[in-house]
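**Student:** Chains A and B, in that order, give the protein sequences. Note that this note's numbering has the first sequence beginning at 170, numbered continuously upward. Note that this note's numbering has the second sequence beginning at 1438, numbered continuously upward.
No lab work stands behind these hints, which were simulated from the structure alone. Heads up, the beta-carbon is just placed ideally off N, CA and C, and yes, glycines get one too. It is possible that part of the hints are untrue.
Said to hold, decoys possible - Which stretches of chain B does chain A cover? Using the computed rule of at least three CB atoms under 8 Å from a CB of chain A, they are:
hint : stretch
1    : 1628-1639
2    : 1783-1789
3    : 1813-1825
What the hints assert, rightly or not - Pulled from the structure, derived: some chain B residues nowhere near chain A, Cβ distances all over 10 Å:
hint : residue
4    : Glu1442
5    : Asn1450
6    : Ser1462
7    : Pro1525
8    : Ile1532
9    : Arg1536
10   : Glu1692
11   : Thr1698
12   : Thr1763
13   : Glu1867
As the list claims (entries may be wrong) - Listed next, with one range per pair, are the computed distances between beta-carbon atoms:
hint : chain 1 : residue 1 : chain 2 : residue 2 : range
14   : B       : Glu1513   : A       : Gly722    : 45 to 51 Å
15   : B       : Lys1509   : A       : Val550    : 26 to 32 Å
16   : B       : Tyr1599   : A       : Glu232    : 46 to 52 Å
17   : A       : Ile233    : B       : Lys1471   : 47 to 53 Å
18   : A       : Ser225    : B       : Trp1664   : 38 to 44 Å
19   : B       : Lys1687   : A       : Lys234    : 34 to 40 Å
20   : A       : Glu200    : B       : Lys1876   : 54 to 60 Å
21   : A       : Glu200    : B       : Phe1563   : 41 to 47 Å
22   : B       : Val1813   : A       : Val550    : 41 to 47 Å
23   : B       : Lys1512   : A       : Val550    : 22 to 28 Å
24   : A       : Ala558    : B       : Val1813   : 45 to 51 Å
For reference, the chains in residue letters:
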Amino acid sequence: MASIIINGQELALPEGEKLNAIQAAKRHGIEIPYYCWHPALSVVANCRMCEIEVGSKDPKTGEIKMIPKLVPGCQTPAKDGTVIVTDSPKVKEHQRLIMELLLANHPLDCPVCDQAGECGLQDYSYEYGQANHRFVEERTIKPKKDVSDLIQLNQDRCIMCTRCVRFTREITQTGELQVRQRGHHAEIDVFFDEPVDNPLAGNVVDICPVGALLDKDFLHTQRVWFLAKHDSICTRCSTGCNISAEENKGQLWRFKPRANPLVNDFWICDEGRYSYIHANDQHLLSSAYLKSGGNHTAVGVDAALKSVSQTLSLVASDGGKTIAILSPFLTVEEAYLFASYIKGLNSENVVALGPVPVEGEDKTIKPDMVNGRSGDTSFIVPRPFTIHAEKCPNRKGVSAVLEHFEGEVIDFAAAVARVESGEFAAVYLASDSIDPWDDEPIAKKLRAGAKHLFVQDVNVTPIAHIADVVIAGATFAEKAGCYVNADGRLQYSEAALPPRDGSLPDLDIFAILLGRMPAPVSSRDVLKELASVIPAFAVAASGKLPEFGVLIGDAETPAAAVGAGFQDAWTQHRGAQL
Amino acid sequence: MAEFEPVLSRNWNVPDSHTLKVYESRGGYQSARKALTTLDPDKVVQIVKDSELRGRGGAGFPCGMKWSFLPKDRKETFMCINADESEPSTFNNRILMERDPHQLIEGIMLGCFATKASTAYLYVRFEYINAYRILERAIAEAKAAGLLGKNILGSGFDLEIYVHRGAGAYICGEETGLIESLEGKRGWPRIKPPFPAIEGAFRKPTVVNNVETLCCVPHILERGADWFKSIGTPKSYGPKLYCISGHVNKQVCVELPLGITARELIDVHGGGVWKGRKAKAVVPGGISMGILSGNELDTKLDFEDIRKPGCLGLGTAAVTVMDDQTSMVDYLYNTARFFAHESCGQCTPCREGCAWIYKTMKRIKGGGGRIVDLDVMLQLANNMGIMPGTTICGLADGAAWPIKNAMAKFRPEFEEYIKTHQSGPKQITELQEAIFQGKTPAISGPSLPVLNAK
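Chain A extracted, bound-state conformation (with noise of 0.2 Å):
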């Protein structure tokens, strides 16, 4: 088995990934502190942070050989009988140096930085820099500009690492970032009239390892410390990117990625990056309406769902058939627990799947071994990332789930149909969709095809001002559960707000209804019983899922994808828990 020496101690090394000496050390929770590697560039090693002792053992006699010099740890590869050292009192002077050096012409502004918190080289100064200051020339000051409409670079407080240069040249391939300038002179800037403009232009801020590039939409709004993250999964499209989501006070700040080498690798659009915003939307749905008279008059949700399960109940003991429709948007938990309920009821009753949204076309990047590239390259597996044109989470889930329960999946236009043809007594529509559902001309067929109608939805929408009752559903960050992506990935999404005033999560709805209340209804039991029920999802039978996810049913499994989730050491959680 291969081992590498770190610190005098043997530790193994894992099989059929290759590694440089962070990576490995890194496993074994042993840091070498760095600015400007980063495990999807090309490695530069400029910041020259990662610097430690090299050698090798002899496999033969044993015998240790130093090169006598430092090397930085990004370079280095982690082979069977690599030695290194990260505790050597030369490192440590090293290290010391390096981070006086990084501070020599930094404002030290930390009180107004927003990277304050989770910043590298607060971190690094606190862990293996010098408390006294003997740089006393005047600072050299480079001005604060914009390189986009929604980024912001403070020169002052870049330390040139680079990565952000990196990431527009190899991942996006559009290079708008790049260096000017000689020296302590050098600096990061774009074009002229070119500003960072690449569907995935956000991500320059989160691998910016300081305060330099800054998220404008984000800037002064919060301190990091104060923010709780959740793990999370992106909405706004079927690629399912493992996000943080970020909220204080009751409202989402930000969302950032999670790792997650087996969808979005390090990244997230800025489509989705954005998103977040529509959890904050004042207009939400905040009540449940039933409509009297014409007029929709807002109730407890009590009353609402008391009226729903009268109503369908009574459809059913009149041997009238319901038609559930479920969007794309509920989480396959709540899929299952709705389609068991209208199942229930009278088991002529069909469930079908809610409207697709899709926007134009799949877009993919594909970074290579070779584009725009300059640097060691042989660390980096290349991965693409697609923003698919499917805006919606989780249409492989539901229709999981419909299948299970129908035979096939009935898709929207065809549930229109049957509704207009006057086959059913009730529909029930659950959409929660991140945009509103606003069309306004099926709606109607569905209002005039049907005697009851039943609106779930957290947008005020055309179909809500007709339905007889409209019931206030969660929000993307309001409900946990699962989603399966668009490679049939099946990720758990924790809730990051609480319900808001007047609705509730639509697990809870659904088990209302299902006369499960008042004990409490989790997605982990859920989708324990329905893994137990529908084979497709087997694989998640503990209720627990892997930390990348898991693939169900009988989806192709891709490319073994190498190197575990990563995090800069700097943007690790510190700040407030739920």
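Dock chain B against the given chain A, drawing on the hints supplied.
**Tutor:** Frame of chain A; chain B shown alone:
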């Protein structure tokens, strides 16, 4: 020692030495003809290896060994010729290119033949416009004569030489910086490995050689490795072009066997220190190599001996002489300014360190120095470049070495300077006093108040 017969500079004083006609009439292109028609590329590499020709660009890396690092199964090789001669007070490559361009072309032919490269990029410093024009003309001439192009001399060997002008950056003389710049990118040195021999220009195996190194190759092939090794000192064989500048009577570029002492170079070839003064210090090979003090002048200027008095290496063998009235503070200030200006800004220690040292030197020179500054500078220099492996390329070493040498050899002078050059205590002006008191300054007259008015 018998009179040394010039090898590289033998055509310099011949009229029209830059033309093909004159070059051929003096035995030019003979070794290229011989090698291309009778020898095997590997044999050429072997001869150069045997001659122990060390690179003349600065680091002194054995040339034959560099060529043999190329992977055996390579499909395409590039040759880059480093003519980005930017080290202060170095000008031997310029003369080589201006006075004898065909010698260089022959050297490139042989180098490319040996390394099986059919494309050569001649990276010429931006400022060398004359050399650029002369080279362009010489290449056209050689091409017309069938010495470049397809199937040269019926040997089946193709070669095209492209002259590329730099854009005025010192760092582009570093081999990987040169490659990046040649590719049209910012001249930032790359990390090694991968070495250029494995993955260089355009991600293909690449050899980067200095102009003077390649100029030696035709002579080695013509006269043999043993002849070459008969010149110079052990481990440093062959002739070398020394540039002498500074406070000497004759600022020249002379060709001498490696291993001449600094004293002989100055007194015999440079005509002695000017105005009858004594040499206080000598920069032995471009400012990044450190400094020799006046009593170390008997050091041999070759690749090995020069390290004994604490210099970094021979460098480009550009000797700059400073007479006994030169201030070492000025010397170090100028050096620091040069490196702060030329640091590419990639690695943290060099980017921040060079600027820091420059700012400190500026302050000391301006009369605000403290003794502790010298220790801070020395410590910075030690961590920035003298401890190996702290930066990607050698520029930081070059910036640090003069400080280390100057502190070791001339520290008392710096301390003296700091003590005697202090600007007087800051006096509060009337205006400042008035502002401090919160009063309207009692200065009459319509114009701006005169500061420091007594």
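**Student:** A separate judgement is required for each hint: does it hold in the structure or not?
**Tutor:** Here is what the structure says about each hint:
| no. | hint | verdict |
| --- | --- | --- |
| 1 | 1628-1639 | holds (count 3) |
| 2 | 1783-1789 | holds (count 6) |
| 3 | 1813-1825 | holds (count 6) |
| 4 | Glu1442 | holds (42 Å) |
| 5 | Asn1450 | holds (39 Å) |
| 6 | Ser1462 | holds (46 Å) |
| 7 | Pro1525 | holds (16 Å) |
| 8 | Ile1532 | holds (28 Å) |
| 9 | Arg1536 | holds (32 Å) |
| 10 | Glu1692 | holds (34 Å) |
| 11 | Thr1698 | holds (31 Å) |
| 12 | Thr1763 | holds (25 Å) |
| 13 | Glu1867 | holds (27 Å) |
| 14 | Glu1513(B) / Gly722(A): 45 to 51 Å | holds (49 Å) |
| 15 | Lys1509(B) / Val550(A): 26 to 32 Å | holds (29 Å) |
| 16 | Tyr1599(B) / Glu232(A): 46 to 52 Å | holds (49 Å) |
| 17 | Ile233(A) / Lys1471(B): 47 to 53 Å | holds (50 Å) |
| 18 | Ser225(A) / Trp1664(B): 38 to 44 Å | holds (41 Å) |
| 19 | Lys1687(B) / Lys234(A): 34 to 40 Å | violated (50 Å) |
| 20 | Glu200(A) / Lys1876(B): 54 to 60 Å | holds (59 Å) |
| 21 | Glu200(A) / Phe1563(B): 41 to 47 Å | holds (45 Å) |
| 22 | Val1813(B) / Val550(A): 41 to 47 Å | holds (44 Å) |
| 23 | Lys1512(B) / Val550(A): 22 to 28 Å | holds (26 Å) |
| 24 | Ala558(A) / Val1813(B): 45 to 51 Å | violated (60 Å) |
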